[in-house]
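Turn these sequences into a full structure, and let the hints steer you where they fit.
Counting from 1, one number per residue, gives the positions in the sequence shown under our numbering.
Since the hints were made in silico from the structure, they are not lab data.
A couple of the hints might just be wrong.
Claimed, not checked - When the alpha-carbon atoms are kept at most 30 Å apart in a straight line, the in silico DSSO-like pairs for lysine-lysine are as follows:
id : residue 1 : residue 2
1  : 250       : 157
2  : 226       : 150
3  : 124       : 244
4  : 196       : 225
5  : 241       : 164
6  : 155       : 241
7  : 56        : 28
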Amino acid sequence: MDKLQGPKEYVDEMLHSIFFLGWIHSPKYTPEMILGNHLSTMMKIFPQPFESYTRKLPKRTPFSCVLDMVVSMFGPDNELEIWRKLRDIANVMSGKHRFTSSTICISESGGRYYGASMSCTGKKEGQIMIAVSCLCTWHYSVSNAVMTYKPDKNKRKNFDGTMKLQECVKCQASNVKSGEEMPPCRSCGNLFGLEKPSNQMWPYGNCAEAESLSKLLYGEEEIVKKVVPSVDCKMREQVVKEVKAHLEEKLQESEFQWDSSYYIPQ
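Laid out in structure tokens, this is it:
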């Protein structure tokens, strides 16, 4: 049962994230619309997502759950099997609101850590999930780096949590479907000191590098000591308040009645 519990939790979390993103979308997509004939079966197996998606926030977007489930199935060192499975899943899914990530990143320094880009469509949805990730999901140092910039991509005054990764950290993103290696965008270059960035500039925190590096920093404490800059605690508290206020504003725009809690998969 232990081996089954992990994957089941990932599916539970993924469903809640999908339902939430469907609910805040305009027009709304309900679980009935998303699941169709599978609705009653899924409600019996995974009741909690159906009860929580209109009031609790997900901690991450759906494809991040898929990624972790696949990595747990094959183990982080079986990179080819992981890529093959992710590519199969991404190619099978189709449509405008497919909740798949375009990019996967692998960060290495001792261990191997996988991250996905934000798998949601829409500017509002992306800003909500980046704010959530900063507040409760990512390693504090990645949150600090991302929160250095406002949602409009302007840099904050009197707060700088950006970092420069050591040479001992390898960070490489690739296209999910083709497997083609991709250079970091200019935003990731600004956040993490990644070399040879492209001219493309995605929203800060949108890319797979953020999730991948967050997992690495959770797992490799020695790296944290080397690359993470110190920030003023009081200033950070103020920035966190601003990020939360922006999150609440976007949720109100979506007519989402947040109960101030985050979803815990069952």
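A quick look at each hint next to the structure:
no.	hint	result
1	250 - 157	holds, 23 Å
2	226 - 150	holds, 26 Å
3	124 - 244	holds, 14 Å
4	196 - 225	holds, 24 Å
5	241 - 164	holds, 26 Å
6	155 - 241	holds, 16 Å
7	56 - 28	holds, 17 Å
In terms of the numbered hints stated before, the structure departs from none.
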